[in-house]
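Asker: The lines below spell out each chain.
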Amino acid sequence: MSAGVRLEGLRKSYGAVEVIRGVDLDIQPEEFVVFVGPSGCGKSTLLRMIAGLEEITGGDLFIGDRRMNDVDASRRGIAMVFQTYALYPHMNVRDNMGFSLKYAGMKRDEIRRQVDEAARILGLEKLMDRRPKDLSGGQRQRVAIGRAIVRHPEVFLFDEPLSNLDAELRVQMRIEIARLHSELRSTIVYVTHDQVEAMTLADKIVVLRDGRIEQTGTPLDLYDDPDNIFVAGFIGSPKMNFLPVEAQGGALTLTEHGGQTVPMPPVGRRLEDGETATLGIRPEHFRKEGEANLEVTVEIVENLGGETYVYARQGASDILTIATGGVRGVRQGDRMTARFSPSDALLFTPDGMRIR
Amino acid sequence: MAQTRLGRNENAAGWAFVMPALALIGLFMIYPILWSLWMSFQTGRGMNTTFGGFGNIQRLFADPIFLTALGNTLIFLAIQVPIMIMLALVFAVMLNNPRLKGRGLFRTAIFLPAVTSLVAYSILFKSIFSNEGLATQVVAFFGGPQIAWLAEPFWAKVVIILAITWRWTGYNMIFYLAALQNIDRSIYEAARIDGVPARAQFFRITIPMLKPVILFTTIISTIGTLQLFDEVQNITQGGPSNATLTLSQYIYNLTFRFMPSFGYAATVSYVIVVLVAVLSTVQFWVARDRR
Ligand SMILES: Nc1ncnc2c1ncn2[C@@H]1O[C@H](COP(=O)(O)OP(=O)(O)O)[C@@H](O)[C@H]1O
Ligand SMILES: [Mg+2]
Chain A
740 MSAGVRLEGL RKSYGAVEVI RGVDLDIQPE EFVVFVGPSG CGKSTLLRMI AGLEEITGGD
800 LFIGDRRMND VDASRRGIAM VFQTYALYPH MNVRDNMGFS LKYAGMKRDE IRRQVDEAAR
860 ILGLEKLMDR RPKDLSGGQR QRVAIGRAIV RHPEVFLFDE PLSNLDAELR VQMRIEIARL
920 HSELRSTIVY VTHDQVEAMT LADKIVVLRD GRIEQTGTPL DLYDDPDNIF VAGFIGSPKM
980 NFLPVEAQGG ALTLTEHGGQ TVPMPPVGRR LEDGETATLG IRPEHFRKEG EANLEVTVEI
1040 VENLGGETYV YARQGASDIL TIATGGVRGV RQGDRMTARF SPSDALLFTP DGMRIR
Chain B
27 MAQTRLGRNE NAAGWAFVMP ALALIGLFMI YPILWSLWMS FQTGRGMNTT FGGFGNIQRL
87 FADPIFLTAL GNTLIFLAIQ VPIMIMLALV FAVMLNNPRL KGRGLFRTAI FLPAVTSLVA
147 YSILFKSIFS NEGLATQVVA FFGGPQIAWL AEPFWAKVVI ILAITWRWTG YNMIFYLAAL
207 QNIDRSIYEA ARIDGVPARA QFFRITIPML KPVILFTTII STIGTLQLFD EVQNITQGGP
267 SNATLTLSQY IYNLTFRFMP SFGYAATVSY VIVVLVAVLS TVQFWVARDR R
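Chains A and B, in that order, are what the protein sequence lines are. In this note's numbering, each residue carries its 1-based index in the first sequence increased by 739. In this note's numbering, each residue carries its 1-based index in the second sequence increased by 26.
In short, the hints are calculated from the structure, not lab data. Careful, some of the hints might be misleading.
Said to hold, decoys possible - Derived pair list, reagent style DSS-like, types lysine-lysine, alpha-carbon separation capped at 25 Å:
{"id": "1", "chain 1": "A", "residue 1": "K841", "chain 2": "B", "residue 2": "K237"}
{"id": "2", "chain 1": "A", "residue 1": "K865", "chain 2": "A", "residue 2": "K841"}
{"id": "3", "chain 1": "A", "residue 1": "K846", "chain 2": "A", "residue 2": "K872"}
{"id": "4", "chain 1": "A", "residue 1": "K978", "chain 2": "A", "residue 2": "K943"}
{"id": "5", "chain 1": "A", "residue 1": "K872", "chain 2": "B", "residue 2": "K237"}
Chain A extracted, bound-state conformation:
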C-alpha cells in the first residue's frame, strides 16, 4: 500500500528567516522522488516537514487524501531513514527493528514474523543479535531501512542515507535501494546532494535552491532540457561548461575565447545582434566531429582509463572541461581542437533562464 504526497504552497520560517518559500509538488503513489540541491537549500527541512518533525509555517501537506499539517509524526503513515542511521545503540538488531511495533499494539509472534521478513529482504538474518556498534556502516543502514520496512509505511522518507558510507558501499547500497523500491512498490521521497544518486534512483527529480523548486522532471528531462542555468550546472558530472557569448550576424562570438565564432544552436527565437548570452555545453558533448570548434590549450589531464577528462583553456578564459572518451596520449601544454555540434549546446539569458 502506498500513497501519494501533495505539497501546496508549503512554507517554513525560522523566526524571520524563510527557508522554504512556497513549494508545490505532486508525488504519485509508488513514485521514487529525489530532492536534490546544494547544501543548505532546504532539502532536509522539506522532508522533515513531510515527516512531521518540523512544523509547517504555511501551505498544505496531503498524504493520500488527508491533510497532514497538524497530524502527529507517528500517524502520518510514513517511516524515515536518517543519515546517521539513528539506531538505538543499546538494542540488538532484532529489537531495533521491532521496537516500534510494540507500541503499535502488535502481538509478539506477529512482530517476530514481520522482523524476520524484513531481515530476509535485507539479508540481515545472521546479524539479529548484534548491537549497532558491532555492525559496519552498510549493515547499520540496512537495519535502519529494516526498521522502516516493518512498519509498512505508505511513504518512505530518506534523508541522505548514503552520505556516511564509503564510495564503494554507496554504489552497492544505491543498487539495493533501487531493488527495494521495485520490490516493495512503495512511494519514496529521498534527499541527497549527490546528483549521481539522484540520476540513478529517481523516477522524478526535484531540484531545489534557496527553498524553492528550480525544476521538476525525470532525470533525462533535467539532463537534456534544463529550464535554467542552475539546473543545467547541477545535473550532470562533470559540470556543464558555460561560455559567455554575444550574438553577431546569426552566429555566436565567444567573448572570452579570443573572439572565435561558433554557429548558433537551434533556438526558437532570433537573438539580436549584440545580445549577450551564455552557451552551455556538456563535457561529453565534445566530439571528434562537429561544426563548431574551439582551439584550446591543455592544462590538466585526468585519465580514468575508460574516460579521459581534459581541462583546457584559451588564453585567459575559464577552464573548459572536455570528455574525450578513451583517447590517450593527451599531454599538458598540447593544443587541441574541441569540436561539438551546436544542436547539443544550450543557450541561456544573462539572468540564467533557458532560451529555447
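Starting from the known structure of chain A, arrange chain B with the ligands on it as the hints suggest.
Answerer: Just chain B with the ligands now, kept in the frame of chain A:
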C-alpha cells in the same frame, strides 16, 4: 631485550621526571593508607598504643555509637542517593529540551549550589530550619504544625537529606546533561516517528543510553554520602542525640573530640573502605551488560 646504554639513560631520565610526583603520592597517600591499616590493629589511647589483633573489630560490634553512626549513614545513603539521582535525571532531561526557554538560567541555578561554600550553605540551612526560620514559617503559614526541625531525630535527618540533595543534584545533573547532549537527536526523532510514547522514550531509550553515566554518578554519590561530614558537622553537629551522626563524624570525634583513639578510628575508616568496595561491586554487577 638487551638494554642499550641509550635505553638506560632514557629510563633514568624517565624515572627522574616522575620521581617528584611519585614521592609526593607515596608520602601523602600510600604511606598514610598503609600506616592507617597498621594503626587499625592498635589499641590504646593517645600515643600509648599496643598491638591488639582483631580487638578493634570486635569492639565495633559492641559499640552502640558506631552502630548508630553506621545506621544513620546507611539511611542517608539509601534515601538520599536514589532521590538525588532521579531528580538530577529529570532535571537533565527537562533542560535538554531545546524548546525550553531560559535553559542557561535554569542550568546555572541548579548547578550553582555545587560551587557554594560548604560552611556558608550549612549555616543558611541551619537558619532556614531554625525555630523562627523560613521553613518553620512556611509550614506554619500553610497551617502545618510547629516542627522543631533540628531537635527531633526524624526531622533532623530530613534536613540533612534536603541539604545534601540541594547541594549535589546540580552536580550530578551536569553529567547527565553532557551525556544527553552527546546523544544523536535523530534517535529521538526516529522514536517519535515510530510512535514511541514519551514515557517509554525516557525509560527504554534515555535511561539505558545513560547507564554508564548513571553508574558512575551513583558510585561517586555513594562514596560521597559514606564520607558525609561537613553538613552534619555544621548543621546538627550529629545531634539530636546522635540522630544524624555519620561514620566520618564519628571518626573525627574519636580522633579529635574524645581522648584520641587513633587505632579504633582507623578501624572505623576501614569500615567505610569496605562499604565503598562492596557497594561499588554490587552497583557494577547490577549495571552489567546482560548479553
Ligand atoms: N532549526 C533551525 N533554525 C534556524 N535555521 C535552520 C534550522 N534548521 C535549518 N535551518 C536553515 O535552513 C536552511 C535549510 O537547511 P536544511 O534543510 O538542513 O538544508 P539541506 O538539507 O538542504 O542541506 C539552512 O540555511 C539552515 O541554516
Ligand atoms: Mg540535509
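Asker: Hint numbers the structure violates, sorted upward?
Answerer: As far as the earlier hints go, only 3 is violated by this structure.
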